[in-house]
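There are 2 protein chains.
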Amino acid sequence: MLAEEIKNYDIKQLKELAEILRGQIVERVRENGGHLSSNLGAVEITLALHKVFSFPGDKLIFDVGHQSYAHKLLTGRDLSRLRQEGGESGFPDPEESAYDPFIAGHSGTSVALGIGLCNARDLAGGKEKVICLIGDASLGNGVALESVFSSEKKPENFVVVLNDNGMSIAKNNSALYRAISKATAKKRYRKFNSFLSKTFKETSAFGRYLRKVKYSVKGWLNKNAFFERCGFKYVGPVNGHDLSELCAVLENIRAIERPVLLHVVTQKGKGYAPAEEDPSRYHGVGKNFSESKNSFSDALGKLLCERAAADGRIAAVTAAMTDGVGLSEFAEKFPERFFETGISESYAVAMAAGMAKGGMRPVVCLYSTFLQRAYDQIVHDVCISSLPVLFCVDRAGFVGADGKTHQGLFDVSFLRGIPNLDVYAPKDCAELADLFDFAMERGRPAAIRYPNGYAKNLGCVRRISENCLWEIVSPGDGVAVLASGARAVARALEAKKLVSPLDPMIVNCRTVSPLDEKLLKEIAGRQIVAFEEGYESGGFGGAVAEFYADNALPVRLKIMGAPKKFVAHAGAEEQAQACRLTAGDLALKIRALFAREQ
Amino acid sequence: MLAEEIKNYDIKQLKELAEILRGQIVERVRENGGHLSSNLGAVEITLALHKVFSFPGDKLIFDVGHQSYAHKLLTGRDLSRLRQEGGESGFPDPEESAYDPFIAGHSGTSVALGIGLCNARDLAGGKEKVICLIGDASLGNGVALESVFSSEKKPENFVVVLNDNGMSIAKNNSALYRAISKATAKKRYRKFNSFLSKTFKETSAFGRYLRKVKYSVKGWLNKNAFFERCGFKYVGPVNGHDLSELCAVLENIRAIERPVLLHVVTQKGKGYAPAEEDPSRYHGVGKNFSESKNSFSDALGKLLCERAAADGRIAAVTAAMTDGVGLSEFAEKFPERFFETGISESYAVAMAAGMAKGGMRPVVCLYSTFLQRAYDQIVHDVCISSLPVLFCVDRAGFVGADGKTHQGLFDVSFLRGIPNLDVYAPKDCAELADLFDFAMERGRPAAIRYPNGYAKNLGCVRRISENCLWEIVSPGDGVAVLASGARAVARALEAKKLVSPLDPMIVNCRTVSPLDEKLLKEIAGRQIVAFEEGYESGGFGGAVAEFYADNALPVRLKIMGAPKKFVAHAGAEEQAQACRLTAGDLALKIRALFAREQ
Chain C
2 MLAEEIKNYD IKQLKELAEI LRGQIVERVR ENGGHLSSNL GAVEITLALH KVFSFPGDKL
62 IFDVGHQSYA HKLLTGRDLS RLRQEGGESG FPDPEESAYD PFIAGHSGTS VALGIGLCNA
122 RDLAGGKEKV ICLIGDASLG NGVALESVFS SEKKPENFVV VLNDNGMSIA KNNSALYRAI
182 SKATAKKRYR KFNSFLSKTF KETSAFGRYL RKVKYSVKGW LNKNAFFERC GFKYVGPVNG
242 HDLSELCAVL ENIRAIERPV LLHVVTQKGK GYAPAEEDPS RYHGVGKNFS ESKNSFSDAL
302 GKLLCERAAA DGRIAAVTAA MTDGVGLSEF AEKFPERFFE TGISESYAVA MAAGMAKGGM
362 RPVVCLYSTF LQRAYDQIVH DVCISSLPVL FCVDRAGFVG ADGKTHQGLF DVSFLRGIPN
422 LDVYAPKDCA ELADLFDFAM ERGRPAAIRY PNGYAKNLGC VRRISENCLW EIVSPGDGVA
482 VLASGARAVA RALEAKKLVS PLDPMIVNCR TVSPLDEKLL KEIAGRQIVA FEEGYESGGF
542 GGAVAEFYAD NALPVRLKIM GAPKKFVAHA GAEEQAQACR LTAGDLALKI RALFAREQ
Chain V
2 MLAEEIKNYD IKQLKELAEI LRGQIVERVR ENGGHLSSNL GAVEITLALH KVFSFPGDKL
62 IFDVGHQSYA HKLLTGRDLS RLRQEGGESG FPDPEESAYD PFIAGHSGTS VALGIGLCNA
122 RDLAGGKEKV ICLIGDASLG NGVALESVFS SEKKPENFVV VLNDNGMSIA KNNSALYRAI
182 SKATAKKRYR KFNSFLSKTF KETSAFGRYL RKVKYSVKGW LNKNAFFERC GFKYVGPVNG
242 HDLSELCAVL ENIRAIERPV LLHVVTQKGK GYAPAEEDPS RYHGVGKNFS ESKNSFSDAL
302 GKLLCERAAA DGRIAAVTAA MTDGVGLSEF AEKFPERFFE TGISESYAVA MAAGMAKGGM
362 RPVVCLYSTF LQRAYDQIVH DVCISSLPVL FCVDRAGFVG ADGKTHQGLF DVSFLRGIPN
422 LDVYAPKDCA ELADLFDFAM ERGRPAAIRY PNGYAKNLGC VRRISENCLW EIVSPGDGVA
482 VLASGARAVA RALEAKKLVS PLDPMIVNCR TVSPLDEKLL KEIAGRQIVA FEEGYESGGF
542 GGAVAEFYAD NALPVRLKIM GAPKKFVAHA GAEEQAQACR LTAGDLALKI RALFAREQ
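Sequences listed follow chains C and V, in order. Read in order, the letters of the first sequence are residues 2 to 599 in the working numbering. Read in order, the letters of the second sequence are residues 2 to 599 in the working numbering.
Honestly, the hints are just simulated from the structure, not real lab data. A hint or two may mislead.
Which copy? The list can't say, so a pair holds if one copy fits it or any two copies do.
[What the hints assert, rightly or not] Derived lysine-lysine pairs resembling DSS-like cross-links, with alpha carbons at most 27 Å apart:
id, residue 1, residue 2
1, K566, K519
2, K154, K334
3, K522, K566
4, K334, K128
5, K559, K519
6, K303, K559
7, K565, K519
All chains, full assembly: derive it from the sequences and hints.
Here you go:
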């Protein structure tokens with residue numbers, strides 16, 4: 002395995018390997034889609050870590066994990082089927098390799114996980130190093146900040162590598178970034194460093210000696226720095242693309258037991274010119290570096306611009322996913338009403354509650370999987386006081402290639418039980434606008450969930466109103482299919498074609514909470530299928546079941562949702578197949594129920 | 002209203018009023034129970050804020066809110082029925098007073114809420130001041146840290162008052178506290194300050210002039226301090242019990258537009274000797290300052306000590322609620338296996354995941370209402386990888402006097418749908434031990450939920466095992482009551498007495514996930530009542546409904562849980578009454594169902 006072989010490599014060989022890895026990453030992402038910019042930036046630091054430390058005895062924890070491709074290539078995963086069904090995950094995953102202690106797709110947890118590993122190791126008397134690789138943007142997340150600030154005593158043999166690729170600079174106003182920079186950018190040191198570099202060759206013995214002096218001086222200059230106060234010996238900043246410097250510094254770090262924060266400065270997209278020039282564009286891409294098209298996000302972005310032009314109370318809030326949720330245009334057109342918090346979902350939601358209290362109508366746009374990071378703020382800060390915050394929950398349902406950590410399958414179950422909160426699911430982009438307006442009129446907390454990918458408009462039978470919550474998109478006899486969400490409704494209509502001449506009723510259940518009680522009562526006694534892209538447990542089908550139980554109505558209900566297991570990377574359609582939620586699966590169920598009727 | 006009158010008070014009158022307020026707080030808490038120490042510490046700063054600013058035009062936001070009693074007394078709430086049904090809430094609440102912009106019972110959200118209010122104000126062109134009062138312990142919470150660090154640009158006319166009562170010192174190792182202290186405790190300034198104070202009377206005109214000089218000097222000395230980097234003008238530290246100094250400083254702050262962080266140092270329990278000496282003991286107390294007795298927390302604490310003595314892998318993790326969850330003895334006996342993170346629930350859970358990965362068996366003890374702050378870590382860091390973390394979910398169900406923000410009614414609905422996670426609910430303390438051992442044997446993620454207050458042991462018919470998940474605590478014919486949780490089982494047995502000679506079957510549903518499918522199939526066709534202290538939506542009853550639907554079994558099910566609304570402060574039993582969840586309510590339901598049978 003490469004990870005073993007490189008122990009014997011010299012710097013020149015490592016440099017050559019770096020270029021090979023870089024080429025492979027570009028090719029694999031071109032073939033499969035994936036995260037490009039951050040992975041290209043982390044090649045040398047990954048190589049240096051593998052050269053100096055001994056994984057998996059030592060532990061390497063990736064925060065988020067979209068910097069882990071070089072690590073995967075070094076540890077026997079060729080990424081030929083990256084993010085494809087049955088292929089390699091785009092994130093670290095212990096099920097894939099012993100070199101990955103943790104799965105990680107959200108941000109900010111690596112330091113906590115690492116401290117936990119150290120706690121266990123220290124109790125067991127182990128001496129292995131635990132190393133976290135975290136980006137500067139992730140460090141601003143609440144979990145990471147809690148982990149850094151909770152105790153000034155950090156475990157020994159614990160190394161946090163801060164991969165500073167300037168993403169917070171892109172944000173341009175992070176206080177954390179300012180705090181870090183102030184603590185590190187000492188003019189005197191820079192001059193000293195520059196003098197040394199110019200004067201002596203770094204490969205000479207004296208150069209190596211000087212390097213040690215250099216770090217002592219830096220340590221002294223920075224002794225009161227940000228991270229020192231948090232219990233770390235601060236080392237850096239180090240050029241994160243200079244393998245020679247990286248290896249030397251890491252060798253020093255390996256020799257000491259004190260907890261260390263190593264600050265490396267890298268360039269996103271390093272080595273692939275288009276990604277260097279526009280790292281955001283190449284952060285996550287599809288096959289052939291295509292930009293993902295997303296009907297709902299696009300529609301939401303346009304809609305928000307329109308509504309904000311007409312209503313000065315409307316503002317948009319998001320957390321480090323401006324492009325993803327479709328807010329780029331809004332951000333440009335309404336900068337004073339656009340609030341981007343960095344990877345701080347909890348802060349985003351609590352701030353939105355404050356804005357709503359102040360008379361605004363904040364629209365919080367987050368992916369379903371990240372919304373769960375603000376669950377407490379949704380309950381405590383928004384819903385108890387019934388403040389009119391609208392949540393636009395993007396990437397609800399199967400998300401495809403991002404896999405287990407990113408599925409949007411929980412939102413219905415954790416949202417629908419919250420008092421004062423309405424939960425909506427449009428069948429198409431046109432209805433997204435209707436539901437948006439409906440939520441604005443009602444003026445209470447609401448969430449609108451919709452999937453990624455393409456969705457065609459299905460036409461409108463009857464627009465939403467207080468008297469018409471659900472819409473019978475196709476009338477019929479016998480079986481009633483209660484479909485909630487865009488993909489579910491489209492598949493239900495498709496299933497109806499498949500079972501022809503059987504004639505099930507297809508209902509677009511665009512409000513998950515409240516339910517359309519009148520309609521539910523009307524169809525009581527029918528064979529009913531509740532159909533959605535979300536976990537069955539506690540989901541939309543459960544709401545229907547609870548309604549009939551509460552009303553002591555007879556019910557013959559089949560719930561079709563995702564079974565209770567985590568769903569790995571694959572195409573979103575393949576994920577639906579794996580969970581038996583395709584139009585075909587529904588058609589089979591409808592047939593079976595009609596047969597039972599006779 | 003006092004808040005108006007004190008505008009005309011001089012410092013002497015304010016000081017007299019402070020003592021009166023303090024006396025009232027002590028008396029009202031003695032009569033009703035409540036939070037004592039933190040409220041006593043915040044009397045002068047509250048008075049000074051009301052003297053200098055004009056609420057509710059200006060906005061005063063309490064973080065957590067257990068410092069708000071003086072504020073309540075000043076704004077027309079006499080606290081005579083503090084925390085009683087229909088009386089004053091123990092926390093700020095907009096439904097109670099226009100002087101309370103937000104409800105707040107959890108920690109760390111005030112800064113985000115304040116920034117949100119400022120955003121709305123600035124767009125509307127307002128000039129009112131927005132002021133947050135936050136404790137130093139709350140500042141360490143992830144939401145607060147995100148709010149402080151997300152942007153280096155803070156709104157104008159925004160004041161954060163950091164009430165530094167040394168609670169982080171109690172923790173003794175907070176890095177945040179160290180960072181703040183290093184940034185403020187400048188020896189030179191202290192000497193200068195002490196010289197000035199000794200030399201000039203603070204009431205003299207020259208003294209007032211000198212005060213200005215003093216703050217300029219302090220500002221200069223601290224210009225690179227922690228909070229300056231976060232976009233605040235730092236002012237302090239100020240003696241938080243010196244009304245004269247507080248008013249003078251606040252007057253200065255009122256005159257400037259720049260965002261300010263005012264650091265005041267206060268003493269918890271100030272003015273009431275027992276609380277000064279042992280502020281933790283008097284943090285939250287019952288009537289007559291009684292300490293709350295809590296069978297389950299006590300039992301859990303003892304159990305953990307026993308099991309930890311026998312099993313070196315077991316560790317305890319909590320977040321600023323060591324006493325509350327019963328871990329004081331454990332912390333003393335096993336300091337190396339006790340991890341207390343401060344108000345950092347997310348960090349606590351992610352760290353526990355790391356410990357579990359390292360071979361330990363961490364037991365995370367949190368109140369139900371605070372567990373929801375770590376929902377993402379439960380899903381993402383613990384359950385996807387199925388790491389053996391055991392969650393002991395205290396204060397599940399109605400919590401009584403703490404009210405809306407603290408109810409433990411969500412946990413079943415947000416936990417039971419998470420793949421790989423078992424959810425248990427013991428009927429009594431003896432069974433808590435059984436379920437604890439059962440969870441340890443199974444070695445997968447699990448949560449055990451139990452209420453506060455007293456619970457008597459109900460005896461054991463059959464202990465839990467893989468083949469006997471639920472327990473028929475009282476056999477019977479006709480109606481089957483599926484009771485989940487200690488209070489539900491106790492009430493079900495009570496209800497059975499009330500309906501005698503009717504003979505319902507009473508089942509102790511001690512596993513919410515997985516369900517006892519065998520037993521559910523056996524009783525299919527009966528009239529069934531699912532009974533629990535948790536929200537109906539998505540709760541235990543929903544799980545039962547989903548099971549019967551999935552298995553196409555006929556079902557006549559009545560779900561009895563909390564209806565979908567927030568439940569205000571009152572006794573826990575009164576809350577059960579308000580939600581129609583008493584033994585009497587259940588008895589009525591059982592009678593009605595028996596009648597339907599005939």
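Against the structure, the hints come out as follows:
no. : hint        : result
1   : K566 - K519 : between (34 Å within a copy, 22 Å between copies)
2   : K154 - K334 : between (47 Å within a copy, 21 Å between copies)
3   : K522 - K566 : between (32 Å within a copy, 23 Å between copies)
4   : K334 - K128 : between (55 Å within a copy, 25 Å between copies)
5   : K559 - K519 : both (20 Å within a copy, 20 Å between copies)
6   : K303 - K559 : neither (37 Å within a copy, 45 Å between copies)
7   : K565 - K519 : between (30 Å within a copy, 19 Å between copies)
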